[in-house]
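Novice: All chains, full assembly: derive it from the sequences and hints.
Residue strings, one per chain:
There are 2 protein chains.
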Amino acid sequence: MIETCRALDIILDNTAVLEGERVSLIESFKRVLAENVVSRDDLPPFDKCCMDGYALKSSHTVDGLSKFKITGSIKAGDFWNEEIKAGEAVKIMTGAAVPPGADAVIQVEKVKTEGDELQVFENVHTGNNILKAGEEIEKGSIVFKSGKFLRPSEIGMLASLGYNEIICHKLPKIVLIITGDELINIDEKITRGKIRNCNEYLLVTLIKNLNACVKSYGIIKDDKDKIFDAVKSAFEEGDIVISSGGVSVGDYDFIEEVIEKIGADIKFNSVKVKPGKPVTFATFKDKLFFGLPGNPLAVMNTFEMFVAPAIKKMMGRRDVVTEQFPVILKDNFKSKGDRDNCIYVNIKKQDGKYYAYNMGSQSSNALFTLTRCNGVVIMKKGIKTAKAGEVLNGKFIFK
Amino acid sequence: MIETCRALDIILDNTAVLEGERVSLIESFKRVLAENVVSRDDLPPFDKCCMDGYALKSSHTVDGLSKFKITGSIKAGDFWNEEIKAGEAVKIMTGAAVPPGADAVIQVEKVKTEGDELQVFENVHTGNNILKAGEEIEKGSIVFKSGKFLRPSEIGMLASLGYNEIICHKLPKIVLIITGDELINIDEKITRGKIRNCNEYLLVTLIKNLNACVKSYGIIKDDKDKIFDAVKSAFEEGDIVISSGGVSVGDYDFIEEVIEKIGADIKFNSVKVKPGKPVTFATFKDKLFFGLPGNPLAVMNTFEMFVAPAIKKMMGRRDVVTEQFPVILKDNFKSKGDRDNCIYVNIKKQDGKYYAYNMGSQSSNALFTLTRCNGVVIMKKGIKTAKAGEVLNGKFIFK
Numbered sequence: 030m031i032e033t034c035r036a037l038d039i040i041l042d043n044t045a046v047l048e049g050e051r052v053s054l055i056e057s058f059k060r061v062l063a064e065n066v067v068s069r070d071d072l073p074p075f076d077k078c079c080m081d082g083y084a085l086k087s088s089h090t091v092d093g094l095s096k097f098k099i100t101g102s103i104k105a106g107d108f109w110n111e112e113i114k115a116g117e118a119v120k121i122m123t124g125a126a127v128p129p130g131a132d133a134v135i136q137v138e139k140v141k142t143e144g145d146e147l148q149v150f151e152n153v154h155t156g157n158n159i160l161k162a163g164e165e166i167e168k169g170s171i172v173f174k175s176g177k178f179l180r181p182s183e184i185g186m187l188a189s190l191g192y193n194e195i196i197c198h199k200l201p202k203i204v205l206i207i208t209g210d211e212l213i214n215i216d217e218k219i220t221r222g223k224i225r226n227c228n229e230y231l232l233v234t235l236i237k238n239l240n241a242c243v244k245s246y247g248i249i250k251d252d253k254d255k256i257f258d259a260v261k262s263a264f265e266e267g268d269i270v271i272s273s274g275g276v277s278v279g280d281y282d283f284i285e286e287v288i289e290k291i292g293a294d295i296k297f298n299s300v301k302v303k304p305g306k307p308v309t310f311a312t313f314k315d316k317l318f319f320g321l322p323g324n325p326l327a328v329m330n331t332f333e334m335f336v337a338p339a340i341k342k343m344m345g346r347r348d349v350v351t352e353q354f355p356v357i358l359k360d361n362f363k364s365k366g367d368r369d370n371c372i373y374v375n376i377k378k379q380d381g382k383y384y385a386y387n388m389g390s391q392s393s394n395a396l397f398t399l400t401r402c403n404g405v406v407i408m409k410k411g412i413k414t415a416k417a418g419e420v421l422n423g424k425f426i427f428k
Numbered sequence: 030m031i032e033t034c035r036a037l038d039i040i041l042d043n044t045a046v047l048e049g050e051r052v053s054l055i056e057s058f059k060r061v062l063a064e065n066v067v068s069r070d071d072l073p074p075f076d077k078c079c080m081d082g083y084a085l086k087s088s089h090t091v092d093g094l095s096k097f098k099i100t101g102s103i104k105a106g107d108f109w110n111e112e113i114k115a116g117e118a119v120k121i122m123t124g125a126a127v128p129p130g131a132d133a134v135i136q137v138e139k140v141k142t143e144g145d146e147l148q149v150f151e152n153v154h155t156g157n158n159i160l161k162a163g164e165e166i167e168k169g170s171i172v173f174k175s176g177k178f179l180r181p182s183e184i185g186m187l188a189s190l191g192y193n194e195i196i197c198h199k200l201p202k203i204v205l206i207i208t209g210d211e212l213i214n215i216d217e218k219i220t221r222g223k224i225r226n227c228n229e230y231l232l233v234t235l236i237k238n239l240n241a242c243v244k245s246y247g248i249i250k251d252d253k254d255k256i257f258d259a260v261k262s263a264f265e266e267g268d269i270v271i272s273s274g275g276v277s278v279g280d281y282d283f284i285e286e287v288i289e290k291i292g293a294d295i296k297f298n299s300v301k302v303k304p305g306k307p308v309t310f311a312t313f314k315d316k317l318f319f320g321l322p323g324n325p326l327a328v329m330n331t332f333e334m335f336v337a338p339a340i341k342k343m344m345g346r347r348d349v350v351t352e353q354f355p356v357i358l359k360d361n362f363k364s365k366g367d368r369d370n371c372i373y374v375n376i377k378k379q380d381g382k383y384y385a386y387n388m389g390s391q392s393s394n395a396l397f398t399l400t401r402c403n404g405v406v407i408m409k410k411g412i413k414t415a416k417a418g419e420v421l422n423g424k425f426i427f428k
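Chains A and B are the protein sequences, given in the same order.
Position 152 of the first sequence, counted from 1, bears residue number 181 in the working numbering, the numbering being contiguous throughout.
Position 337 of the second sequence, counted from 1, bears residue number 366 in the working numbering, the numbering being contiguous throughout.
Hints are supplied without guarantee of correctness; some may be wrong.
Since the list can't tell identical chains apart, any single copy or any two copies may satisfy a pair.
As the list claims (entries may be wrong) - For lysine-lysine, the following DSS-like pairs were computed, each having C-alpha atoms within a straight-line distance of at most 30 Å:
1) Lys409 <-> Lys378
2) Lys314 <-> Lys120
3) Lys316 <-> Lys202
4) Lys359 <-> Lys382
5) Lys253 <-> Lys120
6) Lys382 <-> Lys424
7) Lys237 <-> Lys413
8) Lys416 <-> Lys378
9) Lys161 <-> Lys250
10) Lys237 <-> Lys202
11) Lys218 <-> Lys161
12) Lys218 <-> Lys120
13) Lys98 <-> Lys161
14) Lys342 <-> Lys59
15) Lys104 <-> Lys261
16) Lys104 <-> Lys253
17) Lys139 <-> Lys253
18) Lys409 <-> Lys139
19) Lys139 <-> Lys365
20) Lys296 <-> Lys104
21) Lys424 <-> Lys290
The hints are simulated quantities; they were obtained by calculation from the structure and are not laboratory data.
Note that the structure is predicted; figures quoted are calculated from it, not measured.
Specialist: Dropping the structure here:
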């Protein structure tokens, strides 16, 4: 039985970032760049007008009235070829290219016009309301480095630069194997001794939420040969194989035996964490195997602590571990002290501080408790009681 | 020109929650329940064993050694019909149904066996390691009320209760109209006076991130008839129509004219916010129209402030407005003071406090700034300077 932080180190040491693949810009959303992105153009690509107004030579304005002859109009998307001369002005719309010879734009709200005469009442500075070509980004410069996580702002920026395809790290493919002879499908009626397969749905949505790919083999009977075939096939098509159930010391817990037979390298098979002690981690070639417990709260806890960081690392993310912060307890909590105890709670923010409320049973089957919680506080190994008012480290779940 | 808070009130007052529709359990992820969910079974559905061990009558144990005859073995998923008698024990696996007559389970680690004899060394309490039928949830009780947002834990719970379909609020369908004669598609080469259409990609990913449905009509030329046809068609197929560009005072800004002609009810056409003042909001029957500005920073800002809350409300969410919190400035910031000024910054957490760093140009075209930011601080109308060390309200973008 190893410490939780040691378990996470072992997992991350054995997890490699997946290679890059070319994807469409929209598909790259919430993925991680696997190439440096270089600007193919100046941005803006031309001296750009930032206000509706008149383009002119600023040297022709004075402190007081100056007059110009309006020689035309430029809308966004048009391009004006003729050189503007002193004493001339061209009406110009926001987003249009400033015509050659002009070095300033005066806003429409600040001038008067009579026929084709423009009246300006102030000394206009050079560069006024003009964004110079390349002022935002110069052609050839690196805009994003490999490793950048792509949010809407980055997707918009890449569109501006003309990237309709981009190289991102591949998304890990995860295969689920749900074991347990007590399990029936969710559309079946409960018969004696049976419960429904909730872990598959819990895991599928946890994985989808990380933007990884998931395929479930569904319920596999507690039969050594069937589990062997399932795990073998899963290693062939997945980057990560996750099983739930079958990792305890019961007579029908075959997972560890099966993955040994396949030739996987078992790195650990229990961790000092509650809920979720009997969690198995193994590698097989460049594939990872996580044998999670069978109870849903333990599945959730071990997925968040151990599987999610591996998935994030594979897809190239740097922020693989969920941020923790101090939480003030509003209730008393107990622990056996033998393991790091993750207590599922409701965390509320008041006056900039976080407070944790007891939401009921922490039994590893108590999925209902989880539906009333938004976070976890951690009673470290060695701590047996934590009283209201004390401070523990906590974190949010499913943000 | 109206205040930002008044604008948001008007939007939400005119936004109705969409009706419910039946969807598969996996499809219901990140959606909102539109029905109360009642438990169809007791959970657990039977007295359930929580540890690998032996089921027995607790009254037959003493402070010291007591002996039992092992009469069989029950694995998870099996059901034992015969009544356990005093002096008898049945081996039982985690998750299995406790046999009739037994009222406790003693863990396998705490006993010794010799052949079919079980030796117990302590007084076992009634109920030990047994989760009673219905202890978690009773049949017929309300598990989730209408309005519940469905995270992985709720999806797992609904699976446990046998819900393979569920009624959720419909997801709003959003149609995009991108206007501007200066725009070219992202796979086209920049020619004189043109820029690429980044707003479509910015908006598509912002909408996808909210789990709503989006369809883009692409670039529509600055032509009254073409914009009219696009908006008319968009109102037919969408719940929300969003345009970008064409809402300023330029000679080719037709949006307001067009939606008036269609018969939409314009509620406001400018808001005291920077970036994003010229934002138009209108209703047409039960549909909403948002005319956003053309510059990307203004698009992002007005989408987050005004469109996102409407989308969230339509899909039944209660948390429609992004939480704000106090942020300490690390740099000096300026504002004209005439509008609420949203300044895009990088927010870092240090010792439980949030600090805002200046990341560059706040010009409404400065999408590149946005890619270096994770948040916003708000200089309220009337504030012209905010110095390092001062505290402003802020919020995160794209969490």
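Novice: Pop the pair Lys424 and Lys290 into one bin, within, between, both or neither, using alpha-carbon distances up to 30 Å.
Specialist: Neither way: Lys424 and Lys290 sit 38 Å apart in one copy and 52 Å across, limit 30 Å.
Novice: Between Lys104 and Lys261, at a C-alpha cutoff of 30 Å, which is it: within one copy, between copies, both, or neither?
Specialist: Between copies only: 25 Å across, 64 Å inside.
Novice: Is it within, between, both or neither when you check Lys316 against Lys202 at 30 Å Cα-Cα?
Specialist: within (10 Å within a copy, 40 Å between copies)
Novice: Can you tell me if Lys98 and Lys161 fall within 30 Å by alpha carbon in one copy, between copies, both or neither?
Specialist: within (25 Å within a copy, 91 Å between copies)
Novice: Regarding Lys253 and Lys120, is the shortest C-alpha distance of 30 Å or less found within a copy, between copies, in both, or in neither?
Specialist: between (80 Å within a copy, 21 Å between copies)
Novice: Pop the pair Lys382 and Lys424 into one bin, within, between, both or neither, using alpha-carbon distances up to 30 Å.
Specialist: both (13 Å within a copy, 16 Å between copies)
Novice: Using 30 Å as the alpha-carbon threshold, which applies to Lys218 and Lys161: within, between, both, or neither?
Specialist: So Lys218 and Lys161 pass the 30 Å test across copies only (20 Å; inside, 69 Å).
Novice: Please sort Lys161 with Lys250 into within, between, both or neither, judging by C-alpha distance up to 30 Å.
Specialist: between (68 Å within a copy, 25 Å between copies)
Novice: I want to check one pair: Lys342 and Lys59. Are their C-alpha atoms no more than 30 Å apart within a copy, between two copies, both, or neither?
Specialist: both (14 Å within a copy, 24 Å between copies)
Novice: Are the CA atoms of Lys409 and Lys378 at most 30 Å apart within a copy, between copies, both, or neither?
Specialist: Answer is both; intra-copy 23 Å and inter-copy 24 Å each pass.
Novice: Please sort Lys314 with Lys120 into within, between, both or neither, judging by C-alpha distance up to 30 Å.
Specialist: This pair counts as neither: shortest intra-copy Cα distance 67 Å, inter-copy 39 Å.
Novice: With 30 Å as the alpha-carbon cut-off, assign the pair Lys139 and Lys253 to within, between, both or neither.
Specialist: So Lys139 and Lys253 pass the 30 Å test across copies only (28 Å; inside, 83 Å).
Against the hints set out earlier in the document, violations occur for numbers 2, 7 and 21.
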